[in-house]
Amino acid sequence: MHHSLSRHRRTALVGIAAVAALLLAGCSGGAQPSQSESTGPVDLRMTVWTADETQLGVFQKIADAYVADNPDKVSSVTFETIPFADYTTTLTTQLAGDNPPDLAWILESYAPQFVASGALVDVKPTLEGTDGYEYDDLLDSSLALWQKDDGLYAYPFSNSPFGVFVNTDQIAAAGQPNPADLVAEGKWTYDAARDIAAAAAKASGKQGLVVRDFDYKVWENLATIWGGWDAEPWSEDGKTCEFTKKPMVDAMTWIHDAIFDDAAMPGPGTTADFFAGESAMTITQISRASALDGSFGWDLVPLPSGPEGQQNVIGQAGIGVFAAGEHPQAAADFLAYFTNPENAETLAAYFPPPRESLLNAETLAAANPKLSEDQLQAVVVDGIQDAETKPSHVEFARLEDTVRASLDALWVPDADVKAVLASTCDAIEPLLAG
Amino acid sequence: MAQTAAIGTGVGRRTSPRRLTAAHRDWIAGYAMTAPVVLGAIVFVVLPLGAVFWYSLHDWNVLANSFVLAGLDNYERMVADPGLRSSLLASLWFSVGLVVLNISLALALAVLLNQKLPGTTAFRTIFFSPVVVSLVAWTIVWGFLLQDDGGINGFLRLLGIDGPNWLRTGPTAMLAVIVVQVFKNVGLNMILFLAALQGVPEDLYEAARLDGAGAWRRFRSITVPLISPTLLLVSILTIVGSLEVFAQIAVLTGGGPGSSTTVLVYYLFQQAFRFNDFGYASAIAVLLFGIVLALTLLQWQTRKRWVFHEN
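Protein sequence lines, in the order shown, are assigned to chains Y and P.
With my numbering applied, the first sequence corresponds to residues 1 to 434, in that order.
With my numbering applied, the second sequence corresponds to residues 1001 to 1311, in that order.
It is worth saying that the hints were derived from the structure and are not from the lab.
In this text, all values refer to a predicted model and were calculated from it rather than measured experimentally.
Where is the CB? At the ideal position from N, CA and C, for every residue including glycine.
Some clues are possibly wrong.
[What the hints assert, rightly or not] Stretches of chain Y that chain P covers, calculated by requiring three or more beta carbons in the stretch to come under 8 Å of a beta carbon on chain P:
1. 60–70
2. 90–102
3. 268–279
4. 403–414
Full structure from sequences and hints, please.
If you want it as structure tokens, here you go:
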């Protein structure tokens, strides 16, 4: 016998190994979800985007109490922080890697995509069937984005309204009227905000009005301004582009002029952090109040009115249970405990709940020491009523990137607003048509 | 040939293993020593390559948990995809810009710092230091410098120049990304060229000087031919590296403005991790592999015409 393998045999072995590798790889990808429910106590994992130790501490305290009450069902609950900027991408990667969490926060923009895909479990039967849950206390308007047919595919855990934080020191130094006074007089409009911002920016040498996190990329945050013009990027059924409709053209023209003609808003490539005292006003969610350190005088007022009146806008985070998770029923049971009336009141310290009974200034004030009851009533309680959520769509990821690329042409001084918005519609219409 | 050996008093006798010849031992030792690398290559190169090709034949939506055999649909889709064409063009511009700038600057720096002048060691360290800096940290810092109100334009204003908004207009955004990448890696190529330059015999230059050859002629006729193997290595590494650029794009421009800096790898990332279209992304990955392989083979073949004294 020859001491080494013949060339043909070696080639055959390598071939077999390669085929085996391919089959192995093929079988590992796109694996079907594990639907088996463990009978013993299970470990649950929930992904969140907050890294705030206090908030995580509250979550863990609630989870530990649940584990103590249900040692036969759940042995531990782990909260895994994923940075906000990469949140949905990382979540998708975990799904692709066959390692989904049991529960996850989901951003409102991606709600239709997650709900329609079948990735999430219908939690309505579990929530309704849990003693003392008071399902009817949940606001219908808060649930809308997370419903399909008669099911509920995530609990709208956080309903954070957008408001305007005001640096009263900068505005007073510029000799401009106090926005809170304008609110009281019914004169708090986007035009007034633009004029105050431009004057404050000129006087201070800093920036005027900042739409936080927009940064000329996250265009959907401009919905806080469009609302005053009653504009929408696409129709309610998500099939027709509305960037070329008059309300949107007018709103975008106003924004463009505020940036490039009035210098009321920072231009592209310019950073300004309101909470570091670098701008006169910022449009953001009230949860940002925790970043205020008392180094300057500030106030919080509702979003201004536009030509079509005042429109409240909220950002939502839902908590969903993944169908591909290892323990969907145990996760749904935990969700019912995590969001029951008692725990929802505890969590209201940071996340305005969708429960009507808890949406009052007294409850929220107990947990938000930096905000007065008046501010909470005006911005949070009233802000959630009849509020619009930020844009969302079943094809949101593709739309978000396509619109961002198209709108880049708008962010130059001599842009033709109508032409850019027309090209934006041209770019997204195939996506809207499905 | 079986051999036996007596054990103890010879009451029991058992068969000993066949004695290996020197050739056997060499064969086993060779394969044993290369096994970790071969296994590593199989696990981390061959397997993923096979997996990606397998995925590329499927329609795989992670959210919907669908994994359906689609045959060559993803490849047909690539042919008609304007986004892919645009990203290929962006990759071409990036690669051409990076390769030309990186190699010429690295060679110029290496020639300069190969002189026996005071301070050359310090300059070598300065130019090499970005290579060991974290890529993302490096890019974030450059992102701040390149903003409209950033350090670069601040410096230009001191000179009375009104600088552009570097990352917000198509041509300057691509140029900015290329320059950031050149400064990051030029030190590595410079060191490779320096090592090659120091292997060029000084007597060749002496002879050329005696023959009246000027500096440019000496560089063209002695230096370039003698460092041509290093030139080949550097060009292969730089071209392959240029096609794999991702972090700089993600941090600096996000593929914009418009889609001017959406290079092939960033487009692949969008398809897979933003749009959950892993099957199509895998097909793009196969295309990228094909391009890299073809370019490397092309360079390898053309070396016969311009690479001298290969071992």
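Evaluation of the provided hints:
no.	hint	result
1	60–70	violated (count 0)
2	90–102	holds (count 4)
3	268–279	holds (count 4)
4	403–414	holds (count 7)
In summary, the structure is inconsistent with hint 1 from the numbered list given earlier, while agreeing with all the others.
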